[in-house]
Every structure is written in structure tokens, then in C-alpha cells.
Amino acid sequence: MDGAYEGKLPRPTPETLPFWQGAKAGKLMLPWCEDCGQPHFYPRAICPHCLSDRLDWRQASGRGKLHTYVINHRAAKGFTAPYVIAVVELAEGPRMLSNVVTEGEPTPDMLTIDMDLEVTFDPVTDDITLPRFRPAP
Amino acid sequence: MTGKLSRTCAIVGAAETDTIGKLPGMSRLAIHAQAAKNALADAGLSLQDVDGLFCAPAGPNELSEYLNIVPRYVDGTSVGGCSYMIFVRHAVAAIAAGYCDVALIVHGESGRSGIDMPGLDGPASPNGQFEQPFGTRGAPTTYSLPVLRHFHEYGTTKRQMSHVPAATREWAVLNPRAMMHDKGPITPEDVEASPLVCYPFNLLDCCLVADGGGALVITSAERARDMRQKPIHVLGTGEATAHRQVSMMRDFTTSDSTVLSGKAAFAEAGLDHADIDHLMLYDAFSFTPMLFLEDLGFVAKGEAGAFVSETRTGPDGKLVYKTGPGGDLPMNTNGGGLSYCHSGRYGMYALIEAVTQLRGDAGARQVEGIETSLVHGPGRQFAAAGTVILANA
Ligand SMILES: [Zn+2]
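Chains as they are written, first to last, in numbering that gives the first Met the number 0: chain U, 0 to 136; chain S, 0 to 392.
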């Protein structure tokens, strides 16, 4: 697959590496604070709620809701327009930017704000797997 | 009650590059330099008078080198399009502290021609890891994200939003320098019939892409009394930054930084909303100034859609938009980022238009009887914010 994928790729940093390793293994991992008990996203080296550095990586449920979205008609490299860019509110609380994968071309009537979503893993290269979402059954 | 720095400083020079739009013969730094030269000429000052340098996207080190000056105060705050509103605030503080006497605030971008422009955040940055890999492509794909959440929570509609580009174009038709001056008026229906860029935005919901620059000269109110231009007083300012990426908005229907920045500016100026005669609310997209009308308190939360879409028929039978020529609240009177010019960090053009209106130099688009103007802008996508309240008396 390497060489074929033309989209922008993340370059993991020490504090984000467990997230990307998890995605590669088909797991949506979130850092949880062992002091205040809250998860956060995107992954930091310290908890953005209490500045604790006692963080524990745990697997998230992979469920979430469509908090807001757009349908992009002018594709970024590696994408085919139209496609959905969305903010997903995870069941655990934090929100993340991702894509919603639909069957057929996305239209506003197939996407409802707050609809249930579930994660799906897209291995775009040998190293990087992107967590995207699809409507939950 | 006003803040202790209110009215201590005034804008005494304001100018743009000779032309805006397409400048294929000018680099980013050349645009900065011409803007600086024009603003100093407007103020009747020379480069040797400048002892405070505030600039972006050029850093103060590269611009001091390019202009061959050694300012004793430097500020390179670079938080996006509102950096220039924030510079006004910082200049007031620096002058009050005695750290400089003449502040030169400079903006310049080769936003269309792309000559020596900085690139995206790198692949290891939070944005490079957690937004770009999901197909974001420029501001239309990120500024658009809060819109449908606002529609969902408050019943705001696309038709309401489409009134913003239409009202703003009315001003551009009156401004011969506006890039869309010759294109004529547009209707909300025209906005919706233009090509889809990133739903819910069509092409006419999006700002222009241009080259251009501008600069301001600020000095103490005392020194301003004897200068060439009628001084435009700085009554109140505000600033804040809340995040970097649009996906990190805490509430997608509110800009936290706008709320904080607006409150600070009103409190320092000692004014209320009814005291503001003229608004420059950075319109990167049709929706952008709607959110600011709410977050600055000009309308209640959720009511911007109803506000901007209210129209009446003028004495000549023409439609009058709420924020257009003849409307109750004149807004973005140069034609805005939507129809005047947008080089990437539009804040400087909004400030210059407020100064032009307050000086009474706006020609066919002059707002009659204007005494005050509020200028507000975002940095990145509702991430940072800066507010400036100005007056001509
Ligand atoms: Zn914590």
C-alpha cells in the first residue's frame, strides 16, 4: 500500500504514539487521567483538565455521535469528492475530527446531527491506520 | 466607567498597498514594505520615527531587516487574521508604558500568488496528526464545521445565512477598490445557486483569495493632536485565544475567545452596543460574522439568522438589508472579505475601513453621522479573537 496513498499522513509524537499504534491494531485508544479520572483528546503528555502526567491508555468503545459535519466537494489529495468531514463526540466524552463513511455519495439527508456512529479502521499505509466512522446499525 | 488606557492612543496613519487583488510581481515581504511606506506617508512620518514594530505574517526580525530599522519594541503575535486587532491593543499598552512612541503595525500576504508564503502546520503537529489526515483542505473545510451545529441547535437556515454575502456585495458595489465592485449585486438565491464548495458553503459564501497588505501607525493621543490626519481614538480593545484547531471548539455554537475579547473591549470603552454606529466583523465566510453578532452581544444567542435576513423596501423600491447600505447596522462597508479583498489574514483591511469611515473618507459608501466603530476578528477558525472600538471624537 505504501506509495499508493496520496493523502496527508500523521507523524506520531511520543505522546500520541499509543493512539496510532492502537489504531493500527484496530483499537481506538484514549488517554485517561489517573488523578481526575477524565479522558481527553487529542492525546497530550499532560491531562488538559488537571495537568497530571499520570495517564493510562484505555480502549474506547468506538461508539459516538455525529456532533457536526460538512460535505467537502473540493477534494484534498488522496480523497474523492464529495466526502464527509465530521466532528464525532465519542461515547466517553471527548470529540475528534474524522470522516463519516457512507454507502454511496454522501448527502445531507443521510446525515442527521447526533446520529449514532461507530468506528471503522482504514489502513491507508503499512504504518498508518486512520480511524473513521460509519452510521451505527 | 472606562479603562485606564481608553483614549490614551490614536491611529494616525492607515493605508493599504497601492493595489489589492493580484500582485504577481510582489513577494510577501515586498507587500509588507509597501504597506508600511504608504501608512507612514499617510501619517506624515518617516521610517526613522518608528520605534515599535508589530507585524505578521512576517516576523519582526525579518521585517526589521527588510526595512533596515532597529525598533526598541517588537511584537510578532501571529494567531491568524485577528493578529492586527491584537497588535492595536498591544501597541496601546506599549505606548502607555513608555516602551515605544510610534507603533507601526504591518500586514502583507501573497495569498493568491503564493510568493514566499508559509506552509501548513507540519505532519507531527496536532493539526498535522488530527485534522489534515482526514481531508481538511483550507479554510472552507474547517470554518464550515460549526455551521450545521448552529442550524441544529437554533433553527438557523441556509437562506438566512445567504443574506450575508448579498448585503455585503451591496457595499462592494459602492466601493471602486473592491474586487467584486464591477460584478454587480447578488441575491441570496444567487448565493445558493453558486457552485458547492463545502456543504453548507457555496462559492459565494466564501471569501476571496487575494494578494495585498496594509499598515497602521499608532501614537499617543497627545502626539496625535498635531499630526497630519484627524486622530482616530482607541476607546477599548480585547483579545483572547482559546485553541488552535476548529475541532477543539468547546461549544460549536460559540467562540469562547470572541466572548472574552468583546467583553473586555466594551468594558474598557465604557460603551454599550447601542453606542456602536458601524461594525467591521471579519467575514471569512457568510456564517462568520453571524456568530460574532451573537458572541459580541449585538443579538441574543441563536438570533443572528433572523437578524441578518431581515429586509425592508427602501423609498426607491430597492431591497435594504439590515447590515447593508441604508440598513440599521452598517457592517463590512468596504465589501468585506467576501467582496472586497481577502489575502488570508483579513483583519488589517477591516481596521483600515473603520478608520476610513471614521475619517469621513469613504466616498459613496460613507456611513453618515458615524462616530464609533467596532472591529472584530477571529484568528484561525474561531480560535483566537481580537476586538478594537474606535471613535473619531
Ligand atoms: Zn486530570
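Just so you know, the hints here were simulated from the structure itself, not pulled from any lab data. Don't take every hint at face value.
Stated by the list, open to error - Here are the simulated DMTMM-like cross-link-like pairs (lysine to aspartate or glutamate), alpha carbons at most 25 Å apart as the crow flies:
id: 1; chain 1: S; residue 1: Lys317; chain 2: S; residue 2: Asp189
id: 2; chain 1: U; residue 1: Lys23; chain 2: U; residue 2: Glu88
id: 3; chain 1: S; residue 1: Lys182; chain 2: S; residue 2: Asp17
id: 4; chain 1: S; residue 1: Lys262; chain 2: S; residue 2: Asp276
id: 5; chain 1: U; residue 1: Lys23; chain 2: S; residue 2: Asp120
id: 6; chain 1: S; residue 1: Lys300; chain 2: U; residue 2: Asp55
id: 7; chain 1: U; residue 1: Lys7; chain 2: S; residue 2: Asp120
id: 8; chain 1: U; residue 1: Lys64; chain 2: S; residue 2: Asp250
id: 9; chain 1: S; residue 1: Lys300; chain 2: S; residue 2: Asp360
id: 10; chain 1: U; residue 1: Lys7; chain 2: U; residue 2: Glu117
id: 11; chain 1: U; residue 1: Lys64; chain 2: S; residue 2: Asp255
id: 12; chain 1: U; residue 1: Lys76; chain 2: S; residue 2: Glu367
id: 13; chain 1: S; residue 1: Lys36; chain 2: S; residue 2: Asp255
id: 14; chain 1: S; residue 1: Lys229; chain 2: S; residue 2: Glu188
id: 15; chain 1: S; residue 1: Lys317; chain 2: S; residue 2: Asp327
id: 16; chain 1: S; residue 1: Lys300; chain 2: U; residue 2: Asp113
id: 17; chain 1: S; residue 1: Lys21; chain 2: S; residue 2: Asp181
id: 18; chain 1: U; residue 1: Lys7; chain 2: U; residue 2: Glu33
id: 19; chain 1: U; residue 1: Lys7; chain 2: U; residue 2: Glu88
id: 20; chain 1: U; residue 1: Lys7; chain 2: S; residue 2: Asp115
id: 21; chain 1: U; residue 1: Lys76; chain 2: S; residue 2: Asp115
id: 22; chain 1: U; residue 1: Lys26; chain 2: U; residue 2: Asp126
id: 23; chain 1: S; residue 1: Lys321; chain 2: S; residue 2: Asp271
id: 24; chain 1: S; residue 1: Lys3; chain 2: S; residue 2: Asp100
id: 25; chain 1: S; residue 1: Lys3; chain 2: S; residue 2: Glu61
id: 26; chain 1: U; residue 1: Lys23; chain 2: U; residue 2: Asp55
id: 27; chain 1: S; residue 1: Lys229; chain 2: S; residue 2: Asp41
id: 28; chain 1: S; residue 1: Lys321; chain 2: S; residue 2: Asp360
id: 29; chain 1: U; residue 1: Lys64; chain 2: S; residue 2: Glu152
id: 30; chain 1: U; residue 1: Lys23; chain 2: U; residue 2: Asp108
Verification of the supplied hints:
no. : hint                 : in the structure
1   : S:Lys317 to S:Asp189 : 17 Å, holds
2   : U:Lys23 to U:Glu88   : 21 Å, holds
3   : S:Lys182 to S:Asp17  : 21 Å, holds
4   : S:Lys262 to S:Asp276 : 18 Å, holds
5   : U:Lys23 to S:Asp120  : 24 Å, holds
6   : S:Lys300 to U:Asp55  : 38 Å, violated
7   : U:Lys7 to S:Asp120   : 11 Å, holds
8   : U:Lys64 to S:Asp250  : 15 Å, holds
9   : S:Lys300 to S:Asp360 : 34 Å, violated
10  : U:Lys7 to U:Glu117   : 23 Å, holds
11  : U:Lys64 to S:Asp255  : 23 Å, holds
12  : U:Lys76 to S:Glu367  : 49 Å, violated
13  : S:Lys36 to S:Asp255  : 36 Å, violated
14  : S:Lys229 to S:Glu188 : 42 Å, violated
15  : S:Lys317 to S:Asp327 : 15 Å, holds
16  : S:Lys300 to U:Asp113 : 21 Å, holds
17  : S:Lys21 to S:Asp181  : 16 Å, holds
18  : U:Lys7 to U:Glu33    : 33 Å, violated
19  : U:Lys7 to U:Glu88    : 23 Å, holds
20  : U:Lys7 to S:Asp115   : 22 Å, holds
21  : U:Lys76 to S:Asp115  : 22 Å, holds
22  : U:Lys26 to U:Asp126  : 14 Å, holds
23  : S:Lys321 to S:Asp271 : 19 Å, holds
24  : S:Lys3 to S:Asp100   : 18 Å, holds
25  : S:Lys3 to S:Glu61    : 34 Å, violated
26  : U:Lys23 to U:Asp55   : 19 Å, holds
27  : S:Lys229 to S:Asp41  : 11 Å, holds
28  : S:Lys321 to S:Asp360 : 23 Å, holds
29  : U:Lys64 to S:Glu152  : 15 Å, holds
30  : U:Lys23 to U:Asp108  : 32 Å, violated
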